[in-house]
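Colleague: Sequence:
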Amino acid sequence: MNTYNKRAIEKKWQEYWEREGLFKTSDKPKKKYYNLVMFAYPSGDIHMGHCKNYVIGDVIARYKRRRGFDVLHPFGWDAFGLPAENRAIAEGIHPEKWTMENIRTSDESLKILGISYDWDREIITCLPDYYKWTQWMFLLLYKRGLAYKKEAYVNWCPQCQTVLANEQVIDDRCYRCGTPIEKRKLKQWFFKIAEYAERLLKDLDKLKDWPQRVKVMQRNWIGRSEGCDINFKVVDKNITLRVFTTRPDTIYGVTFMSIAPEHPVLDQLIKNTKNREQVLDYIKSATKRSSLERLEREKDGVFTGCYAINPINGEKVPIFVADYVLIDYGSGVVMGVPAHDERDFQFARKYDLPIKIVIKPKDQDLKVEDMENAYEDYGIMVNSEQFNGLDSSEGIKAVTRYLAEKNSGGPSVNYKLKDWLISRQRYWGAPIPIIYCPKCGTVPVPEEALPVLLPVKIKDFIPKGKSPLASVADFINTRCPKCGSKAERDPDTMDTFVCSSWYFLRYLDPHNDKEFCSMEKAKAWLPIDQYIGGIEHATGHLIYFRFFTKVLYDAGYIPVDEPAQALFTQGMVIRNGEKMSKSKGNVVPVGPFVQKYGADVARITILFAAPPERDMEWTDEGVVGAERFVNRIYRLIAENKDRVSKNPPDSVSDEEEGLYIKLNQTIAKVTEDLESFKFNTAIAALWELLNQLYQTTRKGPAFDYSLYILIQLLSPFAPHLADELWSMVGEKGSLLEYRWPGYDQRYLKEKTITVVLQINGKVRSHIKVPLDTSEEVIRNRALEDAKVQRHLSGKKIRKVIYVPGRILNIVV
RNA sequence: GCCGGGAUGAUGGAAUUGGUAGACAUAGCGGACUUAAAAUCCGCUUCCCUUUAUAGGGAGUGCCGGUUCGAGUCCGGCUCCCGGCACCA
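Sequential numbering of the first sequence, starting at 1, is according to UniProt numbering.
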């Protein structure tokens, strides 16, 4: 009887849970707990690498249920996206067929793992009853002026043949396929997330239970920068160039201006100048280069033939076009201060432009001839007329104020966060609900005409630089909803991150065909009490869904302006040194593993190996340990099942006191650890209790009761085994139907304590005394101690420090 | 470059937040059970030195220094690793 038939037992309990509807969500929650794990992309079957997230979420869900919460614990699928389409192109399977089959397989895997999802609320983003509301969201943003179409230089992945959002470009490469991205000038749909930059930043402070790390990443990503706008008039032209700078204290050091090659003002600026041809050539070659190339090249540019006037002193400086100036930061124009900006310094040296020192360090002077680099630190303003002598920080304020008074600029704030490009030139996504009418222009599809169905019958998925939908005549050709004349649909689909920006709301009211979610349900369940997912979404999904929440809040559809109270980011599952993934060929599939070892073993393996926020190595040794753990518990209970008692001991004998204290400590420890996501130490505590129970030779009422409690404490981690043992000892139903056990305050502390005796901070001896022994008694006992005496001989005691119940340190 | 986080036995990891470093597990070694093996149960297992043994001593949480009766934990200075941002004006 070393082991038990895991698969048979697990199946039995999974059927029971389903039959009794134990995972169902309450319609009228009294004490709600919205526990959400990030949904997933259905790429084949799930494997153990994915499961960590789900197992963590399930432990919390089961624990909270037993604490009396009405738990909402749903799951769904982020089912649009490129892999399905790429598979379709390679193998001729329709993306929908492939996706839905994957979902069926993966659902099965989640069920055999015993994850307690309310399956009635499962959502699948590629189905019309879901993406209807994704399109509705687009229209809402459009109505609120937050969705707009503009021509811009955008990120283009030549491999995926589609544009990408900034958040999907990692180190100038496509986040999906790693291909270096190109810049293309295209007309695309954007969401005005930049308009929410300040609120997205400020409200991070409200998110007390989010990891610091994620908040820091979001702050970096939003990239708020305070500074000053300065207007430079162009000589002999009716043009004003606005620059943004964080260092207005260096304004007297401006010796040139640089404009980004993509800047629209250039057309007008170089009209009728003799350098026109040269400038156009430069623009042409510069705009072709990738941002990576541009970064690596030596800084260069070309003189436009025009001059600008420095508003502070009227100096005339040449204007260049230079590709180190970024079109999408600030105004795309910079003032060149070579003495105090490294890039400007290099540029000035190359073109022999003057370098003028206007900031000097506090304790020394700078000489242009000696400079090998720009002096970028703060210092004292010099060569700056009335501002001479000011410290940089005062100078920044003084110059800003002066420029504002003169109407030549003023304080300004810039963000790195840019508007979110959401058009995709691919088939497998939610169609953008917009119609172009030759008479009425851009016309949104009326709400009652939603969803705009993705045509199922399509032969050619291959992207050719424009959406495959563009060549589906049935889809593209339509009538204008306003005037009825012949019109065309937008052929693009939406970024899948749009689908995932609001999915957490659909779970609240998944079958509502009138609204994406009723206000009543939103009020009942929001915000998410615990969100669990991967850190990789820190600057993508986790910003987008905060943005959507704020928009919906502003529009009066939901009662919260932040979606999630608490966030937990779990670590990855590593195997053989690499992230577990199909492409690395190191996955452990769920089905075969559960067949062989059972779901409880899988769960314990994941939970015990490491703290959940850290990466965990999946090893065979870990599996061995987990298997031993469940077998050992099963055997202990099975061998003693007739002894198990639901009643705490009436009185605790001296002999059993140690065990009974251990039991109460274990209840307290496991409870605390569950509250703070320390599942590895919670299981370690159970293991300690288990070891102690195995070593108990004289079994009494405390032992009998301990078994009863052990089964209960096990239930969030190994729910199948726990329920099986529960019925083995004569209890009814599932532990999900029982409250979490409490502990006896009186038996948390040992009645005899060990006091460590130290001399000069070194451990020399230990004494055992009753719990409430006075310091004096302990001191005397210590001085009598043979070992202490040996170390004290011939020395004078200078001081004695007593830490109650722990340590007595004698200083000699 | 700027901003985070980290470094503890052979290994995964504990340590009440300044109070016995190494819980629990894995691996290893030894014992019991067995005809035998597996499984199981029990014991040992940071390193070095002394000792037949009991035992005793010393060192030890990446490195150097500091605060303290006492530091894995706090402070200062480094080294290395991981992550985020980065031509951001």
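Hints are computed from structural coordinates only; laboratory data are not their basis. Since the model is a prediction, treat every value here as computed from it, not as a measurement. Each residue gets a CB set at the ideal place from its N, CA and C atoms; glycine is no exception. Hints are not guaranteed to be accurate.
[Claimed, not checked] Derived Cβ-Cβ restraints for the label pairs, each shown as a range:
1) Glu536 to Asp352: 44 to 50 Å
2) Val560 to Asn512: 34 to 40 Å
3) Pro158 to Met371: 24 to 30 Å
4) Arg144 to Glu488: 42 to 48 Å
5) Glu342 to Gly389: 55 to 61 Å
6) Ser290 to Glu536: 37 to 43 Å
7) Lys350 to Ile170: 30 to 36 Å
8) Glu488 to Asn313: 54 to 60 Å
9) Ser290 to Asn238: 53 to 59 Å
[To be verified] Only pairs whose alpha carbons sit at most 27 Å apart, straight line, appear in this in silico DSSO-like list of lysine-lysine:
10) Lys397 to Lys316
11) Lys111 to Lys32
12) Lys97 to Lys466
13) Lys32 to Lys514
14) Lys646 to Lys582
Colleague: Look at each hint and say if it fits the structure.
Modeller: Now the hints, each set against the structure:
Between Glu536 and Asp352 the Cβ separation comes to about 47 Å, which falls inside the hinted range of 44 to 50 Å. For the pair Val560 and Asn512, the supplied restraint of 34 to 40 Å is violated, since their beta-carbon distance comes to about 19 Å. At roughly 42 Å, the beta-carbon separation of Pro158 and Met371 lies outside the given 24 to 30 Å, and the hint is violated. Taking 42 to 48 Å as the suggested C-beta distance range, the pair Arg144 and Glu488 does not conform, at roughly 25 Å.
The hint said 55 to 61 Å for the Cβ distance between Glu342 and Gly389, and at roughly 25 Å that hint is violated. For the hinted restraint 37 to 43 Å between Ser290 and Glu536, the CB-CB distance of approximately 24 Å leaves it violated. One distance hint, 30 to 36 Å for the beta-carbon pair Lys350 and Ile170, holds here, with the actual separation near 31 Å. Distance hint check for Glu488 and Asn313: the Cβ-Cβ separation is about 55 Å, which falls inside the suggested range of 54 to 60 Å.
In this structure the hint that Ser290 and Asn238 lie 53 to 59 Å apart at CB is violated, the actual value being about 35 Å. In summary, the hint linking Lys397 to Lys316 is supported, as the alpha carbons are separated by about 24 Å, within the 27 Å threshold. Only pairs whose Cα atoms come within 27 Å are accepted, and Lys111 paired with Lys32 is accepted, the gap being roughly 24 Å. A threshold of 27 Å between alpha carbons decides the hint, and for Lys97 with Lys466 the separation of about 24 Å falls inside it, so the pair holds.
Distance hint between Lys32 and Lys514 is fulfilled; the C-alpha atoms sit about 24 Å from each other, no more than 27 Å. With a C-alpha separation of about 47 Å, the suggested pairing of Lys646 with Lys582 is violated against the 27 Å cut-off.
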